[in-house]
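Listed here are the chains, written in short residue letters.
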Amino acid sequence: MNQVDEIKQISGVNPLKCMKCGKCSASCPSFYEMDIKPHQFVSYVINDDVQALANSRSAWKCLSCFACIERCPRNVQPGKLIDAARQILIRQRGQEGLSADEIPALLDEDMPQQLLMSAFRKYRR
Amino acid sequence: MKYSYFPGCTLRNKAKDLDDYARACAEKLGFFLEELTDWQCCGGVYPLGADEIASKLPSVRALNAAKENGQDLVAVCSACYHVLKRVNDDMANVADIQTRANNYMALPEPYMGETKVLHYLEVLRDVVGFENLKKQVVNPLTGRKIGAYYGCLLLRPSSVMAFDDPENPTILEDFIRALGAEPVIYPYRNECCGGYISIKEKEQAAALCQRITESAAGFQADCLVTACPLCKYNLSNNSELPVVYFTELLAEALGIKEVQE
Amino acid sequence: MQELMERAKELLASGEVARVLGWKKGENDWDVEPRFFESVDSLQDFVYDGFCGANLSKYMIEAGKKEGKTLVFLKPCDSYSYNQLLREHRVDREKAYIIGVGCKGKLSISKIPFDGIVSVQGASYPDVSENLTVQTLYGTQTVAYKDAMLERCHVCKGKEHVVYDELLGESTDTVDADRFAEVQRIEAMSPEEKFAFFQKELSKCIRCNACRNVCPACSCRKCVFDSTAFNSDQKANTTSFEEKMFHIIRAFHVAGRCTDCGECSRVCPQGIPLHLFNRKFIKDINNLYGAYQAGSDLETKAPLTNFTLDDAEPGVGRG
Amino acid sequence: MRRIGVFVCHCGSNIAATVDVKKVVEMALLEQGVVHAEDYPYMCSEAGQSHIAEAIREKQLDGIVVCSCSPRMHEATFRKCAEKNGLNPYLVEIANIREHCSWIHKDMQEATEKAVILMRAAVAKVHLNAPLKAGESAVTKRALVIGGGIAGIQTALDIADAGYHVDIVEKEPSIGGRMSQLDKTFPTLDCSACILTPKMVEAASHENITIHTWSEVEKVSGFVGNFTVDIRKKARYVNMDKCTGCGICQEKCPSKKPLNEFNRGLNNRSAIYTPFAQAIPNVPVIDAAACIKLKTGKCGICEKFCQAGAIDYAQTDEIITQQYGAIVVATGFDTIKLDKYGEYAYGESKDVITSLELERIMNAAGPTKGHLERLSDGKAPKEIVFIQCVGSRCSDDRGKPYCSKICCMYTAKHAMLIRDKYPDTNVTVFYIDVRTPGKNFDEFYRRAVEDYGVNYVKGQVGKVAPQSDGSLLVHGVDLLENKQILKKADMVVLATAIEPNSDVRKIATMLTASIDTNNFLTEAHPKLRPVESPTAGVFLSGVCQGPKDIPETVAQAGAAAVKVIGLLAKDKLKTNPCTAKADELRCNGCSQCAGVCPYGAISYETRQVNDHGIREDRRIAVVNSALCQGCGACTVTCPSGAMDLQGFSNRQIIAEVDAICR
Amino acid sequence: MPVTENWKPTIVAFCCNWCSYAGADLAGSSRLAYPADVKIIKVPCSCRVNPMFILRAFEKGADGVILCGCHPGDCHYSTGNYYARRRMTLLFSMLDYLGVEDGRTRVEWVSAAEGVKFSETMNSFVEKVRGLGPNVRLGDLRCRN
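Chains as they are written, first to last, in my numbering: chain A, -1 to 123; chain B, 9 to 269; chain C, 334 to 652; chain D, 136 to 797; chain E, 45 to 189.
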């Protein structure tokens, strides 16, 4: 399977439904942290450049807050695309956004287990 | 009324308060939370990949256990609730996941999403009833101005969560009112605090939290209430405004928790 | 039974009714047949017992053409058929005096598993026994009443009459089976098994038309299979497909109208479980369009003359 | 046995290049009853038709099959040809060997085989065709227009001017519709009332127009040329003949709580009210839900003050029944509800409003007397943000999938008017696309940008966040700059999607006119018959058929009127002879067929029949052929096959099936 | 009956006059090919199609029968296709119950504007029926063993 099909399968998103209104980018709390903006995600898939998307800063900066998913008027849901792009990256090279060795330095007393769990789930395979 | 109860990792640990008060208040209000015997961590994040099964299985096990108990499944933690509910939706509606998960689990009877997943707040709203709850309050929180912080996980995606209006929710406000306090409506109560990234991107998380807490403070909130341990951690780290679990408020109003002067 | 006969005599004698439609004793205990009784005297042959399975409602079409009122005895399940005919304007309520009779389950002689049966005791109303005593050429046997009951009684619609002028006698709850279990069993089969099952059953069909003639819903003045309306008149089968065609179309024509009275299966001389066709439609209708019982009232729109905007699409839920 | 002629058309090379027409002719001659077969390059031409005429005469044909293009193209042509030559037109059948054969197949042998089979099916059918005769029905020379907005008024005026009587039914207390709520109109900026009011007056005073306001269509039966309509005239509690329209009652009425619908609920009105000053008729109605007298029996102040003695608390609804030859639907639109769009804070903040509400605010008769102010604190807004496509172009379950068409233009209008009147107020428009096809439309929009300095930003808004200082923080995006924008505004205006009036579904059902998934009425043909509904005699005017601006609405209103006039000008209408018919000997009288008839065309009568010597009274279905449209639903419901459809009879279709499968 | 390579199925398509027949015409004028095995019978409305017609087709040797009508909500007669939908749902379910392969029957809603859909529908239906091979179970089958 090529990457375009793979990202479509993982995300369940049809990028062609996008009408480029930008509501996702208007809603995104991480907009300024991202190099590729939410409304641009679909173009990368349509233009067969999933790798660039997976390699982008955006893949690690998405908060998974679903604001773009909730508000998208076309049911495109770009948040699912970036999540899928990250999955592709993680699977492909065993790339990780977080290694176990980093953890002790990051810990503090109040940190809930939930954060570690979700960080691992999000950043690692 | 008895419910199967999924506490989740954090409630057994850092968020003991959330858990203890939830159980104690339930008893007081006439419903019982029976902890599932062998629950496994839900994973904290809904496993998005439609092609992945393994990461969904802990939730399926919990859901199936509740089904076998013949009970609805209650969660208190927003993340657990979110993950359980979404996996359950997959099990009910996504044929591929249904088949593969069941093939793997090889249960005596396939699990097809039969269990009803409820958040503790939904039990308060739909079973106990806020009117009824109001009657049981012994220490009304009169004069307190409390901002509800919903965050992302309870509300979105609304097509699956169907918890409340995703942009204009009211359940926590109604809850606050029932306890005798005044809810503060502020626009960022459903905007993300950046919980997931707070482990590595502290600055970004701080900025997001400030936007929320400053907005709430601007509307005269004297504290924030949440159902999510991660939100509480993140907001507390980045704000002057006290952040409490909704079960703490509940316990206080019901006279279960000692009021600290 | 005595009670029924007395009441019939009374109504006949008073002139309130011109005739009585009931069951007549046969040569054997189990050979009961429907009969119009025109006089008080003739009522000596009247019988009402466990073998009175015949549904009299269809005869009321003919009764409507005669002068005066006809007294008819209807069991609870028969009353549904009568109601359905009423809603289709096939019977005249004004010309009927309906006595709803109690029912404790009806028997099928073919379910009594003995050879050389001479007589059957224990089926007299109102006092049916738990067991039937069967005299055979080879001695006395017993069989549980329940075990000799018609299939339809095991899945009985209930003890209530949906139309009557007066009620006589008690009914018993006889339900001990799931009405759709057999249909479900077939649905679960592979296409090959299904086909083999129906091929085997329908191969027995001799096109005697008994099912059609007894069916209260099959009351067309002229059946399509006897007419040229579709170029479909069939005297003798030219292809064996025609049996299948006949039974499918017959079931389709009564879909939404069939009360599931089970008469088709009761009268089939070849023992084909014809109710399985009708019940499949009933099951689908209940599942797809909401529970519907033909004949239960006169107002509810029948499922095939009704629709909703978001009905299921054909083929959904199959295979 | 029929004597059938088969005529195979080459259609130039359209058919002949793929179908061996000679072979079809040859095979046709082998069919039972075919006494003549020939091919010709263009059967539909004068010359081709003369071949058919000649064959009818010379071979005494009593059945014709033309193998040619789709019957939708030339069935009528060949039927006319047969009729001219003394043959009943319904003895002609078409085998479609072009659209359904030669155009879609490449292989000549395959296409020829198929053409032969299609020919056979047509021959088999024509054997069973019966000569049918179209009936006639009279035309009631009166039209009904449902809806008294600009569409309905214009249609009524045009029909009335042609000399036919028209009734307008309007559910509100006055005609005028949405247009009467508008302040100014694009692209000319002339005042809406100034151009609408004269038309309202003209309609009211026209001798051929009867206006029923505060009325609704209750029931429709009948068919083209002969509709019977029940109109419910709701109790007005004011005697229309006595009232002078002085307005004292409204002034004195103590019940001032009800929301003013005309002002979109932005302020209040009295319980007795006319919606607006120029209302026609200028007779108030009493809102029974708000009237103290009607609710409690006490009060009666309006009655006391009314010098004309027009108040009548005892009035009740009245049903009037009227015959019409044609019906025009002009039910218009409303804006969608915004409760699913919580992110825009409509409902949360009084300063987030819809464009139609802004229209009322800008209007001198509106809640703020035409002053642009914030409804929350009455302050003049200095920063206004317009958000486009709110609920339009949404394929989720919150909004509408279509473009509402008018928003780009009215937003440009609003922006321009605001900048003109309040030059120190800044206007920002967040848009996805600016769509301005129309005469002088793009020029208009460009003026807003170039001459009035309206700030157009390409990008949708994600959220409007009401701030504690009373301002609104708009979270938008500028896609061209690739920047997120946070814009502090004093007022936010939402270009809310429009949708057909909520009553349209009910009305469409009564008229058996079809509506699409968005509740717009469907036209008979999207290009060629845009103002007719597929139901004969029902016509469409205005936004009920699809989003339109005023000029388009008026144009369509006129077009609908012309169609109505064309219909009413006829004295008789030909009816479709392909109607259902019950065989009295087979009919059970079971009433199932009537249950599925969408036209109420089936009734039952008891009559004596002679069934092979047995005479008896039977209940028999009778089809009113003037009502029957020939769908055939009844024929399948009939278990005995008594009900059959002429022209598509059971035996005809079975014959076609047999011919294809043999 | 063994399936030979040259075997061609016989397929009857009932098309309503207002939508699907016009859709088939549009497929034709757009030159959207589909197999010649499909033969169309015009009916005024999908609700005119009697189950008897469908069974008759099978009896006489059809290998597949498809019914096309206006989309629900678009019926020229407002309600016809709703009745057709219920009738065909039940009929097809019955055929399935009798062990007839469900690929041999189909209902598809095709509007006058959907020439592409008409052609695609016919292509996929023919392919399905070809895959199933000649219709044995509903044809002139000897029921008597």
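No lab work stands behind these hints, which were simulated from the structure alone.
Warning: the hint list may mix true and false statements.
Claimed, not checked - Label-pair distances were calculated between CB atoms; the ranges are:
| no. | chain 1 | residue 1 | chain 2 | residue 2 | range |
| --- | --- | --- | --- | --- | --- |
| 1 | D | 474 | C | 624 | 32 to 38 Å |
| 2 | D | 531 | C | 525 | 52 to 58 Å |
| 3 | B | 137 | D | 393 | 31 to 37 Å |
As the list claims (entries may be wrong) - Anything over 12 Å on all C-beta distances counts as not near chain D; from chain E, calculated:
| no. | residue |
| --- | --- |
| 4 | 85 |
| 5 | 168 |
| 6 | 172 |
| 7 | 175 |
| 8 | 176 |
| 9 | 177 |
What you are looking at is a predicted structure, and each value in this text was computed from that prediction instead of being measured.
Don't be surprised by glycine CBs; every beta carbon is placed ideally from N, CA and C.
Hint check against the structure, violated hint numbers in rising order: 2, 4
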